[in-house]
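Sequential numbering of the sequence shown, starting at 1, is according to this note's numbering.
The hints are simulated quantities; they were obtained by calculation from the structure and are not laboratory data.
It cannot be assumed that every hint is accurate.
Label pairs and their computed distance ranges (CB to CB) [said to hold, decoys possible]:
id, residue 1, residue 2, range
1, 121, 229, 46 to 56 Å
2, 119, 30, 37 to 47 Å
3, 9, 166, 37 to 47 Å
4, 106, 54, 26 to 36 Å
5, 116, 150, 37 to 47 Å
6, 213, 235, 21 to 31 Å
7, 157, 119, 32 to 42 Å
8, 72, 17, 32 to 42 Å
Where a beta carbon is used, it is the ideal one built from N, C-alpha and C, also for glycine.
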Amino acid sequence: MPKATQNEEETVESCRRLANRLNQLELCCKICLFPGEKSCFNLNCLAEFVHKVRAFHIVGVTEDLNLDIIPQVSAITNIPKQDLIKDAPVWGYIGDKHLVDVCSMGYTYRRDMPDGTVHTESRNLTSYHDALQPIWEERKSPKRNYLNQVLATVELINEWFSATPTGRVFSAAVMSDGTFNIPSGLYFSQPVRCVNHEWVPDGKQPLPQEELPLDTLYSDILPTLQTFQIGRKWNSIWIPISQSIYYDFLNKTVPDTMDKVKLPEKPMSNVDRFELKKYLGKLKCQLYARIWLR
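The whole structure should be built from the sequences, with the hints applied where relevant.
So this is what it looks like as structure tokens:
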């Protein structure tokens with residue numbers, strides 16, 4: 001895959017050439033992208049150009065970013081590495097910005113009882129929030145551990161091809177379907193499950209404990225996707241604009257004979273966005289898009 005030193009034009013062309021080769025295969029295939037720089041951008045490009053692979057059969061490994069922080073978490077909290085449960089969700093557009101939800105990570109708490117036995121229970125790291133703040137504030141992709149990359153990739157492939165999947169929640173970059181209010185059509189690392197041998201977002205998982213809007217993890221990349229028309233295959237137009245500005249645009253473009261659009265008091269839900277899309281179709285606007293209104 002393209003290296004981080006290559007510019008976006010070369011990345012897009014490299015993905016296009018790879019997709020053309022995949023399109024020549026007689027059989028359908030699955031794509032598992034090994035961890036690396038520009039992971040999510042590569043996935044978006046591949047999904048755009050390849051025609052014989054279902055969207056949820058294209059996945060990028062990101063679980064290694066969870067494994068990478070284990071030594072740092074252990075050093076900060078004085079919890080032995082073997083007692084840390086490696087399940088912190090990895091959120092973000094890998095290669096641009098990401099967040100490891102470290103306070104959601106569990107650990108085994110051990111307590112000596114009066115009778116000489118040891119009582120164990122599972123806890124999370126919420127009480128260490130302030131001490132773990134340096135990890136919370138990390139947004140850029142750090143230097144990644146190759147062994148962790150291999151381990152994370154093997155675990156994901158084992159689950160994918162298992163005759164009896166465990167149902168475990170993984171962190172992986174998959175195509176968003178609107179879950180967690182992440183724009184549909186955007187490849188984004190998030191909690192996922194393997195359902196019927198397809199990787200889909202797991203909407204039952206909580207959002208990050210840190211009060212950080214998820215759109216801050218992908219808003220910087222949207223202009224690049226729009227420039228190269230990545231997402232056109234899914235009718236996605238990446239417009240990271242404020243809700244009030246978008247409604248002003250609508251009111252200026254709607255004929256005077258039509259009803260004007262009123263600005264809602266709170267951000268739109270997925271249902272509201274669906275209704276807005278139908279409304280735009282009724283007005284015959286040429287703006288068929290999956291839009292993130294923040």
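A quick look at each hint next to the structure:
Checked against the given bound of 46 to 56 Å, the beta carbons of residue 121 and residue 229, roughly 52 Å apart, stay inside it. Distance hint for residue 119 and residue 30: a CB-CB separation of about 44 Å, consistent with the stated range 37 to 47 Å. Range check, residue 9 to residue 166: Cβ separation about 41 Å, and the 37 to 47 Å hint holds. Checked against the hint of 26 to 36 Å, the C-beta distance between residue 106 and residue 54 comes to roughly 33 Å, which is consistent with it.
Residue 116 and residue 150 have their C-beta atoms about 42 Å apart, which keeps the hinted 37 to 47 Å range intact. At about 24 Å, the beta-carbon gap between residue 213 and residue 235 stays in the expected band of 21 to 31 Å. About 37 Å separates the C-beta atoms of residue 157 and residue 119, a value consistent with the hinted range of 32 to 42 Å. Distance hint for residue 72 and residue 17: a CB-CB separation of about 39 Å, consistent with the stated range 32 to 42 Å.
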